[in-house]
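Participant: Listed below, chain by chain, are the residues.
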Amino acid sequence: MSRDEMSALQGKRLHKIVEYVYHNVPFYRNKLQEMDIRPDDIQTIEDIRKLPFTTKKDLRDNYPFGLQAAPQSEIIRVHASSGTTGNPTIVGYTRKDIGVWSECMARCLTAYGVTRDDIFSVSYGYGLFTGGLGAHYGVEHIGASVIPAGTGNTEKHLKLIRDLGITGIACTPSYALYLAETMDKLGIRKEDIKLRVGAFGAEPWTENMRDEIQERLGLKGYNLYGLSEIMGPSVSYECQMQHGSHVCEDHFYPEIINPVTLEPLPAGQTGELVFTTLTKEGMPVLRYRTRDLCSLLPGTCDCGRTAVRMSRIEGRSDDMLIIRGINVFPSQVESVVLSMPEFAPRYMLIVDRVNNLDTLQVQVELRQEFFTGVFDTPAAVDQLEKRLASKLKSVLSIAAKVQLKAPNTIERSQGKSAHVIDKRKL
Amino acid sequence: MTIHQLSIFIENRSGTLIKVLNALKEANIQIIASTIADTAEYGIYRLICSSPMRACEELKAANVAVALSDVFAIEIDDKPGRAADAVKSFSEAGISITYMYSFLLRGKGILIFRTDNNELAKQVIARDGLKSVSEEDLAALA
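Chains as they are written, first to last, in the working numbering: chain A, 1 to 426; chain B, 1001 to 1142.
Quick caveat, the hints were computed from the structure, so don't treat them as lab data. Mixed in with the good hints there might be a few duds.
To be verified - Partial list, derived from the structure: chain A residues whose beta carbon lies under 7 Å from chain B:
| hint | residue |
| --- | --- |
| 1 | PRO39 |
| 2 | GLY113 |
| 3 | THR115 |
| 4 | PRO148 |
| 5 | PHE370 |
| 6 | GLY373 |
To be verified - Covered by chain A, per the in silico footprint, the following chain B stretches (three or more residues, Cβ under 8 Å):
| hint | segment |
| --- | --- |
| 7 | 1065–1073 |
| 8 | 1080–1090 |
For each residue, glycine too, the CB sits at the ideal point set by N, CA and C.
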């Protein structure tokens, strides 16, 4: 589909969905009336800029069914997000929604190269979480044999992977690494299994993790992105190029905004990802702020698909630091630290303000295995420090002072925000 | 012809040196000579000790960033000019000495140093009849 045809379709669907929520969701009707916007003001996809944003807080405030647009009799499934604080987010799906979801998930699997001849294990959690059932319906839709393995009981799962000749798996990237570890423990080699495709998502991961998973499990690993507020897994997917994830943009319209000014950003720039559901009946959302940070890749993909691609998730806007006016995300530091084997995958950002100038210090731990006899002079250690500093500078666009720490001296963090100490008193 | 030196990364804050020394003490390791190359933020603690391999394993177990480096130990008479004589041999052969420290042991001077060309340094030691000290000799002397 050409860009013009896609934009025309998106514009038509956007008008319909705005009209639909205006008449069925009091929350949106009130918001639109406050802003003096009528559904007829929204005719093209560019008009989306006139619409209000929706936040996670809006979903919580309207718990449980406040944002549901379809009558309960039309809802055939309800999922709930794993909210750790306050109310969970409740999302209801109509029969048509489940159909669209299965179709989008089938697109993802097809892009990964999965066919009806595959035996595919769904190892996301089944239940309130959208991962398990979402992937399950997609696998059934393309006609492959689905193994609803779920999570847990890894040894039995590995037995099935080997004995049934399972060829594909959908799980979190960290579970994939856990599978590899368990294989080592049980003495199962990658030659003993037939896995060839992995659909990995539900948590951020890096290219280094991809390399490791692909090497250890002997498969090709693809990103699978989704969030329950929009649909679940299937919102975007990588193709054979493994370079950016194609968005199912005929159903989920993506925008990138500056999380501070809320202004849309041009293609290629990193900012907060925002989605509008163009066809959803159960719980449509307008301009939902995902808090995920990424960019939309300019240009077309070598695979031939015209659907826009999004980059890897580079961080969360909740974690964003502004240092000397530059947006800095702890995950950017993480990717650099992970790329250098000399350092343990632990780090700490210390932000301060000295003489009215912001300073950034990055603490990293030396890894014992890589501290070799060559490090018997400060010159050798300084060189390592400088290599890290220059990598950080090129990724962050600002200079960071590196402080090396002895092994196991940085506390293991419980969450992302625990990677940052901001001493600035603003 | 070379001996093992422990090279230890130590952060500049109180409690880090004692952690290393305590681990050596508990392992009953005897320190023969040591020096710290210090910078503003950290130091490289260089150490000649009894049972360096075991000392290294013990320190690793105590979460210390430690490695074994190959250094030379040359015995010289405790008289003026002997250090100059020894270093002259290497200098004339075009060998750079990366770092050096020395100590007295039972009336003899011991020079510990690392070079940028260990193979050539070994030839020079053999050619000029310099007295290289082995790990066993050092442990026995200590």
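Participant: Now, for every hint given, state plainly whether the structure supports it.
Facilitator: Verification of the hints:
With 7 Å as the threshold, the beta carbon of A:PRO39 stays out of range of chain B, its nearest partner Cβ sitting at about 62 Å, so the hint is violated. The beta carbon of A:GLY113 comes no nearer than 45 Å to any beta carbon in chain B, farther than 7 Å, and the hint placing it at the interface is violated. Because the smallest distance between the Cβ of A:THR115 and any Cβ of chain B comes to about 50 Å, over 7 Å, the interface hint for this residue is violated. Contact between A:PRO148 and chain B, as hinted, is not supported at the beta carbon level, the nearest pair being about 43 Å apart and thus beyond 7 Å.
About 9 Å separates the beta-carbon of A:PHE370 from the nearest beta-carbon of chain B, more than 7 Å, and the hint is not met. Below 7 Å, beta-carbon pairs count as interface contacts, and A:GLY373 has one with chain B at about 4 Å; its hint therefore holds. Look at the segment 1065–1073 of chain B against chain A: 6 of its residues bring a Cβ nearer than 8 Å to a Cβ of that chain, three or more, so the hint holds. Proximity of the segment 1080–1090 of chain B to chain A, defined as three or more residues with a beta carbon under 8 Å from a beta carbon of that chain, is not established by the 0 residues found.
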